[in-house]
Amino acid sequence: MQGTLDLLVLKTLAARGRMHGYGITLHIEQISGNILRLEEGSLYPALHRMTQAGWVQSEWGLSDNKRRARFYSITATGREQLAAEEQSWEALTKAVGRVLRFA
Amino acid sequence: MGLIRRFGNLLRGNAVQREVDEELAFHLDERTRHYIGKGMAPEAARKEAERQFGSRTLSREETRDRNVLTGLESVMRDLRYAIRSVRYQPGYSLVAILILSLAIGANTAVFTVIQSVLLNSLPYQNPEGLVQLSEADENTPQPITSSYGTYVEWRRHARAFEAIELYRGWTGTLSGHGQATMLSGSRVTAGFFRLLGVEPLLGRDFEVSEDTPDTRYVVMLGHSFWQRRFGGSPNVLGEKILIDEQPFEIVGVLPASFRPTLFGGPDVWAPLGYHISQSHACRGCQHLRAVARLSGGVSTEQARADINGAHELIKREYPRDYRPDAYVRLTPLREYLVGRLEGALYLLVAATGLLLAIACANIANLCIVRATARKSELSLRAALGAGRMRIVRQLLFESLLIAGVSGAVGILLAVAGVPLLVQLAPPWLPRLDEIQLDGWVLGSCLAASLLTAVGFGLLPALSASRLDLRSALSSSAPGAGGTRGAFFSRQFLVGAQVALAFVLVAGTSLLVRSLVNLWQVEPGFRTENVLTFALDLANSRYRNDAAVLEAGRLLIERLEAVPGVESAALTSVLPLMGFDRRGFHVEDRPIPSTESPSADTYWVSPHWFETMGIPLKRGRLFTAEDTPDSMRVALIGETTARQLWPDEDPLGKRIQLGGRNADRPWYTIVGIVGDVRQYGLDREPTLQAYQPATQIPVSYFRVALRTRGDPDLLKRSVQEAIAAFDSDLAPYGMQSMEALLAGTLAERRYVAMLLTLFGALALTLAAIGIYGVLAYVVTKRHREIGVRMALGATVRNVVSMVLRQGGACVAAGMAAGLALAAVCARFLEQMLFGVTPADPLALSLTAALLGLCGLLASLLPAARAARLDPSSVLRAE
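These protein sequence lines map, in sequence, to chains V and U. Just so we're aligned: the first sequence equals residues 754 to 856 in our numbering. Just so we're aligned: the second sequence equals residues 9 to 885 in our numbering.
FYI, nobody ran anything at the bench for these hints, they're computed from the structure. Mixed in with the good hints, there may be bad ones.
[To be verified] Lysine to aspartate or glutamate pairs mimicking DMTMM-like chemistry, simulated, CA-CA at most 20 Å apart:
no.	chain 1	residue 1	chain 2	residue 2
1	V	819	U	30
2	U	46	V	843
3	V	819	U	37
4	V	819	U	27
5	V	819	U	29
6	U	55	V	817
7	U	625	U	692
8	U	46	U	58
9	U	46	V	838
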C-alpha cells in the first residue's frame with residue numbers, strides 16, 4: 754500500500770535523521786526483523802514524490818564510502834503528515850482488531 | 009513551489025534523468041557490496057541485487073516523471089517531432105507555406121487599401137449624416153453643383169436638415185512675400201466647418217458677419233500650408249496676406265486631421281461672401297457645391313423627399329429660373345466621395361475572397377494527400393500505443409507550424425505589398441495618404457488563413473486516427489490510394505479550384521479587353537506632345553478688359569517664341585478637366601430658357617484647334633481679326649450641328665450661351681469643328697460651343713502648348729518665359745495631356761492590374777492542385793500502369809490515361825466556372841467598356857488559359873508515367 758510506504762519512510766527519517774534511499778531500505782529491513790521488505794522499485798518514485806510534495810527535502814552528499822548519494826530528511830510539513838498518517842494507521846489497526854475479535 | 013521546480017526541470021534536459029540514474033546506481037552498488045560482503049561472487053551479487061530491486065526501467069522512468077511536468081513535456085516532444093516532420097517533407101511544406109503566405113499577403117495588402125478607401129469612417133464628425141446636394145435635371149450628365157439663390161431658398165423651405173452649407177474652389181496668387189505662388193483653396197459659407205465638426209487648431213472659425221461681400225476678407229490656413237509657408241508659427245493670427253493683391257487677415261489655422269479630400273483646399277479657406285443681389289448669386293448660376301447634415305433621426309429617403317418637396321415649392325415660386333424637370337439629387341457623402349470606385353473596390357474584395365477560397369482548397373488538398381501518404385506511419389504509432397488525441401495533437405502541431413511560418417511570411421509580403429499598391433494606385437484615389445497597414449485587417453486575414461490551414465490539417469488527422477490497422481499496414485493497399493472518399497474529395501477540390509480560377513481569370517480578361525477598347529477610342533483631340541497649365545492674371549495690371557485681352561495675346565506670342573513650342577493657345581476649359589455648361593439658345597427658336605439644351609462651352613484663342621489637333625469640318629476657325637469690335641462669332645461641334653440643325657446649315661445662324669438675353673449680343677456661327685470627349689473616353693461627346701478669347705476677356709484660364717518632342721522637357725523653359733513675361737504670375741498644375749488622359753484611365757488600369765495579379769496567382773494555385781492530383785494518381789497506380797505496359801499498353805496509352813484523368817477534373821471545373829462566371833459577371837458591368845459580360849472572346853481566352861494550365865500541370869506526372877519501367881514495377885511486388 755502506498756500509504757504504508759509513505760508512513761514507514763517518514764517515520765524512518767524522523768527517527769534516524771538524514772539518510773539515503775539505500776539506508777532507509779536497510780533500516781526498515783533490520784528493524785522489522787527482515788519481515789518487511791520494501792518494494793525497492795517503488796521507493797524512489799515515492800521519495801521523489803514526497804520531495805515534490807514538500808514532506809521531505811533532499812540534497813547530494815557523500816556516503817560513508819565516499820560515494821555521491823542523495824540524502825533525504827524530513828521537513829516540518831513532513832512531520833505533520835507523519836502524525837496524520839500514524840493516526841490513520843492506529844485507527845485502521847484498531848478497526849481490523851475489532852473485526853477479528855468478533856467471534 | 010513544486011510546480012515551478014518541475015517546470016524548471018523541463019528545461020534542464022537530461023540532467024534529471026542522469027541524476028535519477030546516479031541515485032539508483034548507488035543503491036544497486038550498495039546492495040551488491042552487501043551481497044559480496046556476504047560471500048557471493050560479484051556477478052551473482054549483482055544479479056541478486058538487481059533481481060531484488062525489481063523493474064529498474066519502470067522505476068527510473070517513474071522516478072524521473074515525478075520530477076517534471078509530464079503533460080507539458082509531451083507537448084514539447086510533439087512540437088519537436090512536428091518540426092522534424094515538417095523538415096523531412098520539404099516539398100509539401102514549402103508548397104503549403106508558399107500558397108498560404110501568398111494568399112495572406114495578397115489579401116491583406118488589397119484589403120488594407122480597400123478598407124482605408126472604402127470602409128473607414130470619414131474624418132468628420134458623424135459622417136453618416138452628411139450628404140451632398142446638387143441640382144439635377146435630364147440635361148445634366150454629372151449633377152454636382154448648385155447655385156447660391158437656390159441655397160437660400162432651400163434653407164427657407166427644407167425641414168430635414170440641421171444645416172446646409174456651400175463651398176467652391178478658389179484659386180489666387182499669393183504675393184508680397186518673395187516668390188509668387190498660386191494658392192489652391194476654397195470659399196465656404198460661415199457654418200461650413202461647424203457642419204463638419206471641425207474645430208480650428210489655432211484662432212477661430214468664421215463668423216456669420218464675415219460671410220458678406222464686404223467683410224469676407226479673412227482666411228483660415230490649411231495645416232500643411234501653414235507649416236510650409238509660415239513654419240508652423242503660432243504668430244500668424246492677425247497677420248495679413250495678399251491674395252490677388254487683396255489683403256486677407258488670418259483668423260485661424262485648421263488642424264492636421266482635416267484633410268479636405270472632398271472640399272478643395274488645401275491651402276486657404278475664406279468665407280463665400282455672396283449676397284443674393286450679386287449677379288453670380290442668381291438662382292440659375294450653378295457653380296457652387298452644397299453639403300448638408302441630416303437632422304437627428306431623419307433617414308436619407310426622408311431627407312430626399314423633403315428637399316425635393318421644397319424644390320417643387322421653389323420652382324413654383326420662380327418658374328423662370330428652373331427647368332420643369334429639375335430636381336435635387338441627394339447623395340450620401342461616402343458615396344459621393346468614393347463614387348464610381350465603389351464597384352471596382354467591391355470587385356477587388358470579391359477577388360480576394362476567391363483567391364482565399366482557392367488557396368484553402370489547395371491546402372485542403374495537400375493535407376489530404378499527406379494524410380493518406382502517412383497512413384502507414386500513423387497506424388504504426390497507433391499500434392504502438394499512441395492515443396487518438398496524441399496523433400491528432402501531433403498533426404495539429406504540424407499544421408500550426410506551417411500556418412505560423414506562412415503567417416510570418418504573409419505579413420512580410422503584406423508589409424512590402426501595401427506601399428507598392430499605394431504607389432501604383434491612381435493619384436486621386438480618395439484618402440490615398442491614409443492607407444497604411446492596419447492591424448485589424450492583418451489580424452483577420454491571418455486568422456482566416458490559419459484557421460483554414462489548421463482546420464484542413466485536422467480533417468485528415470481525425471479520419472486517420474480511425475484507422476483500420478490491418479489494411480493500412482498492408483502494402484498491397486487498394487490501388488486507388490486511400491479511401492474512395494478521399495480521392496473523390498481531392499478531385500472535387502481541384503475542380504473547385506479550377507472553377508474559381510476561371511471566374512477570376514474571366515473577370516480579368518473582360519477588364520483588360522475594356523481597357524484595350526478604351527485606349528482605341530478617339531478622344532477627338534491630340535494627346536501626345538501637349539503641355540498644359542493654369543494661369544491667373546490676378547494683378548492690378550490686368551484690371552480692365554483691354555489689358556486682359558492684350559496680355560493674353562502677348563503671352564501667346566512669348567510662349568510660341570520658346571524653342572520647342574510649336575503653337576500655344578488659351579482655353580477656359582481643358583478636355584477631361586472640369587466642365588462649363590451653359591444654356592444653348594438659338595436665335596430663331598424661342599424656347600424658354602429652362603427648356604433649352606445645355607452645351608459645354610469653351611472660350612479659346614485662335615490657335616486652340618491647331619494646338620489640340622481638333623479638325624475643322626466646315627467654315628472657318630477663329631482668327632486674330634475676331635476682335636471686340638468685329639462681329640461676334642462662335643464655333644460649334646459636329647454633334648451639336650447634327651443634333652440641333654439636322655436639316656439646315658448652321659453656318660450663319662446666331663446663338664447665345666448661358667441665358668437667353670435680348671440685351672446681349674448674339675454670336676454668329678462661322679464654323680463646325682470636330683467633337684471632343686470632355687468627360688472621358690467612355691462618354692459620348694456632348695453639345696459643344698466655342699467663343700473666341702479675343703472677344704471675351706477672362707483672366708483665369710488654361711494654356712495648352714504643342715511641343716516638339718517630350719512636353720515634360722520644356723517645363724522649365726516655359727516657366728522661365730512666364731516669369732519673364734510677368735514675375736508675379738505663377739503657372740499651376742503643369743502636366744502633359746498624356747498624363748491627364750492616363751489619369752482618367754488610371755482607375756480601370758489599377759483594378760485590371762490587381763485582378764491580373766490575382767488571376768495569375770489563381771492559375772498557379774490551380775496548376776499546383778491539378779499537378780498534385782495527377783502526381784498522386786500516377787504514384788498510386790504505378791503498379792497498375794506497370795502491368796498494363798507489360799501487357800502491351802503503349803506509352804501513348806498511358807500518357808493519355810493520365811491526361812484524361814486531369815482533363816476530366818479541369819473540364820468539370822471549367823463548366824462550373826463558366827456557370828459561376830455568368831452569374832458574377834453582372835457585378836462587373838459597371839466597369840466594362842465595349843464588351844458584354846458574356847464576351848465570347850474573353851471567355852474563350854480564359855478557357856484556353858485554364859486548359860493550358862491544366863495541360864502543363866499534367867505534363868510532369870504524365871512524363872513520369874511514361875518513363876515507368878514495367879519490369880521494375882512488377883519485380884517490386
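* Index of numbered hints that the structure contradicts, given in increasing order -> Result: hints 2, 6 and 9 break, sorted rising.
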